[in-house]
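Novice: Sequence:
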Amino acid sequence: MIKHSFGFALSDENGRLTQVDRTVCELLGYEAAALLGRTLKALTHPDDWAACEELMGRLCEHDEPFSVANRYLRRDGTTVWAQAYLTRLTDAEGRATVSAMIRPVLPSPPPMLTPPQMIRPAMDRTLLAEPVRPVFRPVPGRTIN
Numbered sequence: 001m002i003k004h005s006f007g008f009a010l011s012d013e014n015g016r017l018t019q020v021d022r023t024v025c026e027l028l029g030y031e032a033a034a035l036l037g038r039t040l041k042a043l044t045h046p047d048d049w050a051a052c053e054e055l056m057g058r059l060c061e062h063d064e065p066f067s068v069a070n071r072y073l074r075r076d077g078t079t080v081w082a083q084a085y086l087t088r089l090t091d092a093e094g095r096a097t098v099s100a101m102i103r104p105v106l107p108s109p110p111p112m113l114t115p116p117q118m119i120r121p122a123m124d125r126t127l128l129a130e131p132v133r134p135v136f137r138p139v140p141g142r143t144i145n
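If you're matching positions, the sequence shown starts at 1 in the numbering used here and goes up one per residue.
Worth flagging that the hints you see were computed from the coordinates, not collected in a lab.
No false leads were slipped in.
Label pairs and their in silico Cβ distance ranges:
hint	residue 1	residue 2	range
1	Thr-90	Asp-47	29 to 37 Å
2	Pro-46	Glu-93	30 to 38 Å
3	Gly-29	His-62	31 to 39 Å
The beta-carbon is built from N, C-alpha and C at its ideal position, and this holds for glycine as well.
Using the sequences and the hints given, assemble the complete structure.
Specialist: What follows is the structure, given as structure tokens:
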């Protein structure tokens, strides 16, 4: 049974998976060995790939992390919705690696994720409206030192 925890995967800059954890395997219905070497494109629903491919290009060329809610193709032919948070890392030898944290969104995306709004760069300034300002209310009989 899939739990709503985060899965973790690494891929090269071409999108070929190099490491996956048990959560990703359970989410997609594969053994780890069967996932390694598969591409993100092959695992992403074809209708969702174009926008994801553009963001992957920006990630690799400009080091822009992003978050995306996509449908992914399971081994049994069904699809599963998941939220992925992707960033670019560099390993000890200087090779670029794409790191993904993946969280299932079951059984379908939340209502606020309509297709034009599903994909946004993680650092999108338009998402940051007003800064959160704490509100302090005095507690009767207590003082702040």
